[in-house]
Amino acid sequence: MAETNGDKATGQALKEKLGQVGEKVQDSQTWAAIFRPGSIFRKGYTDSPRNRSYVIMNSVLYHLHPVKVKRHAVKVSYTLCLGGLSFFLFIFLTVTGIFLMFFYRPTAAQAWDDIQTLQTAVGFGLLVRNMHRWGAHLMVLTVFLHMARVFYHGAYKPPREFNWVIGVILLTLTLLLSFTGYLLPWDQLALWAVTVGTNMMGYTPVFGEQVRFVLLGGVEIGTDTLLRWYTLHVLMLPFVLVIFLAIHFWRVRKDGGISGPL
Amino acid sequence: MVEIPEHLRKRAEEARAKAEAAKGGSTADVVEATEAVTDAPSENPNSGDEKIPAHLLDRGVPASKQPPTKDPSIISPSQTGPQAGEGPDGHNQRLLTVVKAGSIQDVKTTPTDKVHVWPHLLIAEFLAALAITLFTTLFSIVVNAPLLELADFNRTPNPSKAPWYFLGLQELLTMFHPMVAGVTIPGMGIFLLIMAPFIDKNPSNKPEHRKFAISLMTVHLMFWAVLVMIGSFFRGPGFNFVFPWEGGLFFEL
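Chains A and B supply the protein sequences, listed in that same order.
Residues 1 to 262 in our numbering are what the first sequence lists, from first letter to last.
Residues 1 to 253 in our numbering are what the second sequence lists, from first letter to last.
Derived from the structure by calculation, the hints contain no laboratory data.
It is possible that part of the hints are untrue.
Stated by the list, open to error - Derived pair list, reagent style DSS-like, types lysine-lysine, alpha-carbon separation capped at 25 Å:
{"id": "1", "chain 1": "B", "residue 1": "Lys206", "chain 2": "A", "residue 2": "Lys70"}
{"id": "2", "chain 1": "B", "residue 1": "Lys108", "chain 2": "A", "residue 2": "Lys254"}
{"id": "3", "chain 1": "B", "residue 1": "Lys201", "chain 2": "A", "residue 2": "Lys254"}
{"id": "4", "chain 1": "B", "residue 1": "Lys206", "chain 2": "A", "residue 2": "Lys157"}
{"id": "5", "chain 1": "B", "residue 1": "Lys10", "chain 2": "A", "residue 2": "Lys157"}
{"id": "6", "chain 1": "B", "residue 1": "Lys10", "chain 2": "A", "residue 2": "Lys70"}
{"id": "7", "chain 1": "A", "residue 1": "Lys75", "chain 2": "B", "residue 2": "Lys23"}
{"id": "8", "chain 1": "A", "residue 1": "Lys70", "chain 2": "B", "residue 2": "Lys108"}
{"id": "9", "chain 1": "A", "residue 1": "Lys43", "chain 2": "B", "residue 2": "Lys108"}
{"id": "10", "chain 1": "B", "residue 1": "Lys206", "chain 2": "A", "residue 2": "Lys254"}
{"id": "11", "chain 1": "A", "residue 1": "Lys157", "chain 2": "A", "residue 2": "Lys254"}
{"id": "12", "chain 1": "B", "residue 1": "Lys206", "chain 2": "A", "residue 2": "Lys75"}
{"id": "13", "chain 1": "B", "residue 1": "Lys201", "chain 2": "A", "residue 2": "Lys157"}
Stated by the list, open to error - Covered, in the sense of this in silico footprint (three residues per stretch, anywhere, with C-beta under 8 Å from a C-beta of chain A), are these stretches of chain B:
{"id": "14", "stretch": "162 to 171"}
{"id": "15", "stretch": "225 to 236"}
Just so we're clear, the structure is a prediction, and the values are computed from it rather than from any experiment.
In this text, a Cβ means the ideal position worked out from N, Cα and C, and glycines have one as well.
Please construct the entire structure, taking both the sequences and the accompanying hints into account.
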């Protein structure tokens, strides 16, 4: 009996102590430097219209979302979240892709072995590669469906016509990202799928052969091609894509948020 | 864009309902109702009129139209305000005109019904992201990504297929010259897609007003979907037509 009382007392004391530490942290300059005035992490959150606004207004999310949106815009049946999911899949693919980069060397002699090793000897290697591959196919699909959704809602009409153009560029970039990634495992599937694809490219009039030569780093696919497509896949195309994404998101808000209901 | 806060709108609606109920009854209720309505600025833009006293409105009339004073040298203070140097710091102020609110505030948009992004939108987005992560992870646990044998330039697999999203093009390759199938048609497709908002001048986004655009897009999408399906599932060795339930499936993702 006495012992439980003692436990209770120490528990109480501990709680008080923790509360004091928490207050001290929240009053510190470091905490104040991290969270903006008005941030819910600085002043606490209770549900009120003002605090709901502050959650967006005083966080980095304000770059992406306004404080309020039209009521129909939050209906899942209107957008099916396709644009947001495409963006999320891009982040998802970046994260899994960075993991894969730790174990992969883009040369004809090593690429296939590296993936074999990744799948058999690296913890979660097989799972992460699977996630990257299926996520990539899914992203092609969501971007495509997003385009269809926007078309059927007539959301490409003024003032959104330029954002539609950006969107088509993003769709093309997504396809190119997927296609450049296709070569990297350096197996029979990769080699011959890319051979079929780049042969078509060679038929472009006037400069077709030159474009093909630049992309392949030679007259036929080889270890130089692998290095080129790797660089395109992990650095250049994502870089370009992020720039267009930024413009795309900015225009969504500048053009008055998502389009109106039908 | 004028936006009426939700609680004010609700209050106004309640008051209006109350006024409706008490029509002809106690006048106090009606007064209360009109007060609540004027809380919302766009509801009654002319309500400012009553607030301008009549004698101030008189002074807005140009001097030429005002009744002439007996002696032009003696200006009555009630008409022109205080004399020069009379006001604080030697300034004087004179009312030149009264601008009614309705004449400068041209409210064109009707109030829109809005909700807070937090929590309504963010929770939906979070759940969507969670669902797709879950789906991809589970799918990845069950199905492995293909890794065939090492690339070999001397052994061409039969059939050789492009990634699925290019299989429509590969399918076209069986019908047209490579320049048409691989360059002209997809190039035109992307170009037309980019030009869509500049070609389609119809301002309406209602499906019933844009039957042609919707039919065209649907035909276009179906065309590619069918080609991709045929290329993926109905093409066997030599890229010849096979039924997947007879000749087997020649498709890797």
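Now the hints, each set against the structure:
no., hint, in the structure
1, Lys206/B <-> Lys70/A, "holds, 18 Å"
2, Lys108/B <-> Lys254/A, "holds, 19 Å"
3, Lys201/B <-> Lys254/A, "holds, 21 Å"
4, Lys206/B <-> Lys157/A, "holds, 12 Å"
5, Lys10/B <-> Lys157/A, "violated, 34 Å"
6, Lys10/B <-> Lys70/A, "holds, 18 Å"
7, Lys75/A <-> Lys23/B, "violated, 39 Å"
8, Lys70/A <-> Lys108/B, "holds, 18 Å"
9, Lys43/A <-> Lys108/B, "violated, 38 Å"
10, Lys206/B <-> Lys254/A, "holds, 23 Å"
11, Lys157/A <-> Lys254/A, "holds, 14 Å"
12, Lys206/B <-> Lys75/A, "holds, 18 Å"
13, Lys201/B <-> Lys157/A, "holds, 8 Å"
14, 162 to 171, "holds (count 7)"
15, 225 to 236, "violated (count 0)"
Consistency note: the structure conflicts with the earlier hints numbered 5, 7, 9 and 15.
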